[in-house]
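From first to last, the protein sequence lines stand for chains E and C. So the first sequence is numbered by my numbering: it starts at 1 and just counts up by one. So the second sequence is numbered by my numbering: it starts at 185 and just counts up by one.
Residues from chain C that face chain E, not an exhaustive set, calculated with beta carbons under 10 Å: (1) F240; (2) N270; (3) N336; (4) T387; (5) F586.
Keep in mind the hints are simulated off the structure, nothing from the lab. Using N, Cα and C, we set each Cβ at its ideal position, and we do this for glycine too.
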Amino acid sequence: MEKIIKGKIYCLGDNIDTDQIIPAKHLVYKTNDPEERKLYGRFALSGLPVGHEYPFVEKNENESVYQIIFAGKNFGCGSSREHAPLALKVAGIKIVIAQSYARIFYRNSVDGGFFPPMETLDPISKDHSFKTGDEVLVNLEENFIEKIKTGEKIKLKSLGFIQEIIEAGDLFTYAKKKGLTNEK
Amino acid sequence: METKTHHKMTLIEKILASKSGKKFVRPGDIIWANIDHLMTHDVCGPGTFALFKEKFGEKAKVFDRKKVVVIPDHYIFTQNKHAQRNLQILRDFSKEQNLPYFYDAHSENYKGVCHVALSEEGFCLPGTILLGTDSHTCTAGAYGSFATGVGNTDAAFVLGTGKLWFKVPETLKFVFQGQKPKHVMAKDLILQIIGDLGVDGGTYRSLEVGGPVIKALNMEERMSLCNMAIECGGKNAVIEADEVTLKDIEGKAKSSFQVFESDSDYKYTYKKEYIGEKLESLVARPHSPDNIIPAFKLGHQELTRAYIGSCTGGKLEDFKAAAKILKGQKVKIDTFVVPATTKVAADLEKETFDGRPLLQIFKEAGATIGKPSCAACLGGPEDTFGRANDAQKVISTTNRNFPGRMGSKLAEVFLASPYTVAASSLTGRVTDPREFVN
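Bound-form chain C, shown alone:
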């Protein structure tokens, strides 16, 4: 029963209330919400489309063709027959359904890593619900949206109905006060949170991240932070939209949106404050993203490979950071550079640091450049670019270091920021980037 007192809600509760036609929701409520956008890719799209047809009929049409986004990105540049067949399944379905937002592989429309493409193309919007058949869909929370990963069944259900059930998550609040040191990146902030919560500390919960350090981050850095919320089990992460957000989406928003803010006097059951000045460059050691240690304490750790890429660490800002350190230097270990999208790849040629295009800086440093896609972040087929096929010790800007994640079970993966990965590529050991940046 409605009471007369004004109910306090978080930003995420407000989005879920508005999308389920309610004035008020509280953590634990089961709701049915209308979905603004559903994204799928080549790994989960084929199964999702098959299930959609099985359940809604061979001739069924998707609930709204302008709300369905198909972005092949995982297994693009491989000879694997099944993978190529799957790209064709996306093509056939998108054609049959006349989907306007299909970014086909090996075409002029090709983008690459879905989470970065979703931002470039204006699908990440404040106050909206974005679902994707990929756990890193939470990346879009950087825009003040409720964005989360779902499986094929949920996606097929949304394709048919435009809605889905949710249990309203409890919100954990993180505030980063003050200013962060220059050598510390958003990746370090989220590794710190994951280290503190543990790999399941955020399970079923929403992570709301704010404070002056966050306000000072550009959109891509905010995306890196929200991207890894899933690595502590989080349902989503969210950053309140502000003028930086609105400027980013100006002219590219694919639908209407609404900016929500958490009520200032909301009583969070969990709230943690960090002092920006005390933050460190971190590394997550094998085989868990919460196994963190400051980079300067791991200087003895030898490495065989460096990898800069993925939805987490393959955006233009990530490469700008790496280029700052690599300019005029030579890498000591095999170093792979994989731009997330075709736009990022094009920007690497245009964007300069100290008068030199980023791409040239990487080539001169001795790095190997790959084509835009998820590539070796998740291993993939054996012929995937940069895949760790044996007992490599990889330092990587990606998001997971589970056993076998980048290919071989014998490989060890160390997760770190683009600064830390670039600095480490020059020394062949885990290297704190502060002396390179400051």
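One chain only, chain E, in its complex shape:
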């Protein structure tokens, strides 16, 4: 697990549901086919409402120029589709920071080993100056996100029990380590 992650952030509001993260018509591509899988990156966050300021992924690209998502409450609500964290991961997302998550998305992110779903320690206040395109640093040793240019910081919650699964890689490697499975 990377402890220091640097990159550009993409900012979103509250209640970004899985239909916005990856619309249902795209759920048909094979997740284990290297070529088809790229399409999940291409259409990641393509369900954001009309008029959204910046596209997350440019047309005909499979990867985003952003590596970090910074969102409000209840990120990933709605369906149980694991294609949602997968799409973000394929698009190049290394970490998601949100005020809170819907639980299935949260579980999928952790158990599937896509990225750590970090939560802010306090509700995100309106007067922070983080905006889409800012270069930031996420420090998972000391649990904060920092805007590199200004040094402005927002504290993050520690992960608790699920840190063990994230450190192991995913649910399978975690369970194997603990002697819970006899997988190959």
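Given chain E's structure and the hints, the job is docking chain C onto it.
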């Protein structure tokens, strides 16, 4: 350390304790529980099966073939090549694993919407754990089970091991006292709860719903209620099994089961009571299921389309309700009727209201009838029946009205009960159904 006092537990805590081999669990505990049934469908099955093979080996066998249920239902009647390929992946895996509970698309075994099929086929059972790769798996909580949605990874893990970790959820208690008005349906009760909790008020929590109003509901109505627990973030919803439940599962239970009840003196951290007589027909406005308003306050809202279908609102009881209002009338806007399953579709021909089969009532009213599947509830491929491909204003018995949910991002979706949707289809505006029902 065990103490001598008798620990109080909720029904859900009792199920999780029994399935994890513990005498007692409390909210926040991390447990590993044995899974009674795992369901998957055409959207998540292919990914789940691929992951299962990757992790447990090409020759691996599922943990128990009688506990795995495969129900294609999402993208069935589409020309989409990828979707058709995915149906074949389900076929191949089910054959290879010799799965007895595979309800193949385009075959005599085809069912349709998984959550309704799970009930018809006896997989929804008190005191059991049912997992599904679909967030509306919580529907089965209507039978007093712990039922919740999981992703491909969790499902693949269960396929290989038969177990999964859980954090024991805190339980929120909802009691509906008295009697509800006739025109108010279970859909209205859950919209009320979602409106009160907000779309994330139930996150990580279990919703336990009871009281005289709930006791008086039939199983399908109880399913409609539990179905939308996920819309306030709930991990699951549950209704204690009673004689109505036991009668429903008589002769169709696919495994043993046990009826649990919450300890009567359990101290809930959150408890809310509703007075049945004060409940209203509600509508959730775009683009959020918690954006509720009584239907009678939204009478000015013009509509272009009505949709009756899905796991939430495509069951026989939902169509009985709609038929009551549509009989002998003509719809004013495009109205789509999509039975959830093949059984519901067959029942529409058999079941009558005022001497007329329901199907005939819908046809005579001018509605368009679709084939059993999830259809336009979640948009799906462009050629999906009833899909909102442009700026439609749809009133729907389905469960979500997120931007773009039923197809186009320009579409607006209003969620309501089958009564309210049927009444609105006759007027072309949001219409409170009370004058049509009482």
